[in-house]
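Heads up: the protein sequence lines correspond to chains A and B, in order. Just so you know, the numbering used here puts 171 at position 171 of the first sequence, and the rest follows in order with no gaps. Just so you know, the numbering used here puts 339 at position 339 of the second sequence, and the rest follows in order with no gaps.
Calculated directly from the structure, the hints in this document are not laboratory data. Do not take every clue at face value.
With a Cα cut of at most 25 Å, we get these calculated DSS-like pairs of lysine-lysine [said to hold, decoys possible]: (1) A:K254 <-> A:K302; (2) B:K114 <-> A:K78; (3) B:K117 <-> B:K338; (4) B:K29 <-> B:K140; (5) B:K134 <-> B:K114; (6) B:K55 <-> A:K122.
It should be emphasised that the depicted structure is a prediction, and the values quoted were computed from it without experimental measurement.
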Amino acid sequence: MLLSRVAERVYWQARYLERAENMARLLHVFSALQLDLPKGTKLGWQSLIQITGHGTYFSTKYKQENERNVVKFLLSEKNGISLVDMLVSARENARTTREIMPTEAFELINGLYHFARDHAEKGLHRAERNNILEQIVSRAQQIGGLLSGSMSRDEAYSFVRLGRSLERADMTTRIIDVDAQKLMPQLEVQGAEPEAREPYDNILWMNVLRSSSAYQMYRQHVQERVNGADVAKFLLQDEQFPRSAAHNLTTLTKVLAKLPNSGKVTWQVNKTRRLVRDADLHGLMQRGLLEHLDQVQQEIGKVHYKIADTWFLPSK
Amino acid sequence: MRVNWKTYNPRPFFDEIISSPGYARKPAKKLASYLRSLTHEELLQKKTAAELAIKAMGISFTVYSDAGNIDREWPMDIIPRLIAGSEWDQTSKGLRQRLAALNCFINDIYNQQKILKDKVVPAELILNSGNFRKQCLGMKPRYEVWAHICGTDLIKGESGQFYVLEDNLRVPSGVSYMVENRRVTKRTFPELFADNYSIRPVADYPAELLDMLVSLSPRQVKHPEVVVLTPGVFNSAYFEHSYLAQRMGAELVEGGDLIVENDKVYMRTIAGLSQVDVIYRRIDDLFLDPLAFRKDSVLGVPGLFNAWKKGNVALANAPGAGVADDKIIYTYVPKIIKYYLDQDPILPNVPSYLCIDKLQRQHVLENLDKLVVKPANESGGYGMLIGPQASRKELAEFRRRIKADPRNYMAQPLISLSTVPILGDRMVEPRHVDLRPFVLQGEESYVTPGGLTRVAMVKGSYVVNSSQGGGSKDTWVVDNA
Chain A
1 MLLSRVAERV
11 YWQARYLERA
21 ENMARLLHVF
31 SALQLDLPKG
41 TKLGWQSLIQ
51 ITGHGTYFST
61 KYKQENERNV
71 VKFLLSEKNG
81 ISLVDMLVSA
91 RENARTTREI
101 MPTEAFELIN
111 GLYHFARDHA
121 EKGLHRAERN
131 NILEQIVSRA
141 QQIGGLLSGS
151 MSRDEAYSFV
161 RLGRSLERAD
171 MTTRIIDVDA
181 QKLMPQLEVQ
191 GAEPEAREPY
201 DNILWMNVLR
211 SSSAYQMYRQ
221 HVQERVNGAD
231 VAKFLLQDEQ
241 FPRSAAHNLT
251 TLTKVLAKLP
261 NSGKVTWQVN
271 KTRRLVRDAD
281 LHGLMQRGLL
291 EHLDQVQQEI
301 GKVHYKIADT
311 WFLPSK
Chain B
1 MRVNWKTYNP
11 RPFFDEIISS
21 PGYARKPAKK
31 LASYLRSLTH
41 EELLQKKTAA
51 ELAIKAMGIS
61 FTVYSDAGNI
71 DREWPMDIIP
81 RLIAGSEWDQ
91 TSKGLRQRLA
101 ALNCFINDIY
111 NQQKILKDKV
121 VPAELILNSG
131 NFRKQCLGMK
141 PRYEVWAHIC
151 GTDLIKGESG
161 QFYVLEDNLR
171 VPSGVSYMVE
181 NRRVTKRTFP
191 ELFADNYSIR
201 PVADYPAELL
211 DMLVSLSPRQ
221 VKHPEVVVLT
231 PGVFNSAYFE
241 HSYLAQRMGA
251 ELVEGGDLIV
261 ENDKVYMRTI
271 AGLSQVDVIY
281 RRIDDLFLDP
291 LAFRKDSVLG
301 VPGLFNAWKK
311 GNVALANAPG
321 AGVADDKIIY
331 TYVPKIIKYY
341 LDQDPILPNV
351 PSYLCIDKLQ
361 RQHVLENLDK
371 LVVKPANESG
381 GYGMLIGPQA
391 SRKELAEFRR
401 RIKADPRNYM
411 AQPLISLSTV
421 PILGDRMVEP
431 RHVDLRPFVL
441 QGEESYVTPG
451 GLTRVAMVKG
461 SYVVNSSQGG
471 GSKDTWVVDN
481 A
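For reference, chain A alone in the conformation it holds in the complex:
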């Protein structure tokens, strides 16, 4: 039976790895997006900082929320938040669970960490950045593939899935939250007429989809053209799409069914699921989306605490 301490480390390793991948995706999409915007439009780089929830910390270190500072803060800096530091944490958790994970898993995570560390500085330059971020995403996916192709469906794998699914659900809601609420006004300030703004709105929502690798699937499964309400609905409520909040919450219930003493956690996940499922997004789009997303994030946070209470070693 899996040790509580090991369960905790496996869970965090999966969360950090997923978070690093998401961060790479976000930086990648944002960097591409700015090429599509009209000249003179300022891209809201600060919204990337807000996704992480570390705006205050950022402002103690930097005066300007410009591309260079934001990318540095999120990609390479030693601050416990950057992509490289997430990989440090993922690697450390992987290093301390080597006895139960496939040998190659540590080797790949270790390789990804070395790659990111060695290339992060170069990633500050636009020319190199895309290539580096793409490689990070692809290596992170390779690790996910390795785990799913080589780990028995035992308790350790369950904790990998718990960490990964919870992180995905969390990240997806953060992306919608920030992009929907913060990017739009940012463009409005530029003073464009509503009609002139429209193509850029579309681009922004496409950006939201792309940062979750969801553009193509949205196109195939949603008949509507890209628009805010439908994108948010797709990313929150679509059961089929693997990065949507609904899909990941459902995955959690399936994983939990196989774990011992999972009652309280399952209860909390189901509560969160109902909240996500029953929301009227077209209505919320007009009013209240921000509050709704905040509430969802709080419930997701509670899922984590229930997991820790139930299975991890009590903190000393």
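Put chain B on the given structure of chain A with help from the hints.
Below, chain B without anything else, positioned relative to chain A:
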């Protein structure tokens, strides 16, 4: 860079590969000519490939330093060391004999103490030893074996014969590097395996270890719960703890994962408490259980010692086993072998002088600049004096220490360690080596083919400890070469 054996001069030392410039010893002939055939680019490429493999495989060890603990890549030289199969078979017999006798000795010390009553070993040496645990008196572990895992340090002197330098019966480390070094060499020199040499495999060590540990289980169940107890991720040997747990399919636990209830040991799992049968502990005796030993230990498990004494859990190695790896007791091992087994020792000790004996002490004090002085129970090469390389101040300091506490010191002539070539930056050069084979004893016994070869990477140095800049080599026991 090309390998040129004609300019390789190991003299005045015994080199295990090259007997004199241009001439390879018999088992090493194919290796020597193969290395000579490599171009500069090939050599460089192989060296880099090995370094990359070590990095990619995450083979590391931890160095304690003022700037915090650093996880460093394991230093390995790519040229393997060769030992002929026939020589090894004899050495291996000697190692088993030695561990069998040492286990008889430990069991006797904690029970009848016949050897003390017969005055073969002076009682005061044992009872005053820092490694004697009076709490263990009266205990009889399964098979009467206390030291289940032993790392015996061997050296070769000018004659090329193996001597035993010390027995490590507490928590010897290094075996994972032995296994990993082989993995790296297979990647680096695939062409030398099978086609050219029959090399005895080392990869099955974790399986042998698991079999031995399972044989210790007090509960007779099909799959006893075996765990590896580590002080944690900051320990210098953490890589190895994790490695062995992984290869055995055992749980790697820290003190906080275990709890004792009703003198039984349990681990905390996601499904609640689960009973533990065998603990391969990589924590020193004194930190095992704050109730039995050091009260300030946060690494240990309260109540663990009692659970062991009641026979509800097996500990490998048993607490108290270190009483036999004291460097003073070492000098008695030939007598111990004779006493319990009525055999002559197959492997010789390095001749030693005991400072507690008046005449021997006088000899030591008069010849301090020619001798190596060792304290009774330090490890890792710490607290030693190498007379010929010491300053006058150091010599005076040791003279003072020996007089103040003669029980704590022994001295040996400086053995000129044998050499093996390493691939330096520009050429092959001789460097001093030792060898740590690992011996297991449970229901049956087992010796690793070869062991971990440690190399003093600095020219002329005898210090092979990785914590002090030493490196390592893959060690091949080869048949019919």
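Hints versus structure:
1. For the hint linking A:K254 to A:K302, the alpha-carbon distance of about 18 Å falls within 25 Å, and the restraint holds.
2. Under the criterion of a C-alpha separation no larger than 25 Å, the hint pairing B:K114 with A:K78 is inconsistent with the structure, at around 63 Å.
3. Taken as a hint, the B:K117 and B:K338 pair is honoured in the structure, with Cα atoms around 16 Å apart against an allowance of 25 Å.
4. Among the hinted pairs, B:K29 with B:K140 is inconsistent with the structure: their alpha-carbon atoms are about 50 Å apart, more than 25 Å.
5. Distance hint between B:K134 and B:K114 is fulfilled; the C-alpha atoms sit about 16 Å from each other, no more than 25 Å.
6. Between B:K55 and A:K122, the direct Cα distance comes to roughly 22 Å. Compliance with the 25 Å bound is thereby established for this hinted pair.
Checked against the numbered hints given earlier, the structure breaks hints 2 and 4 and satisfies all the rest.
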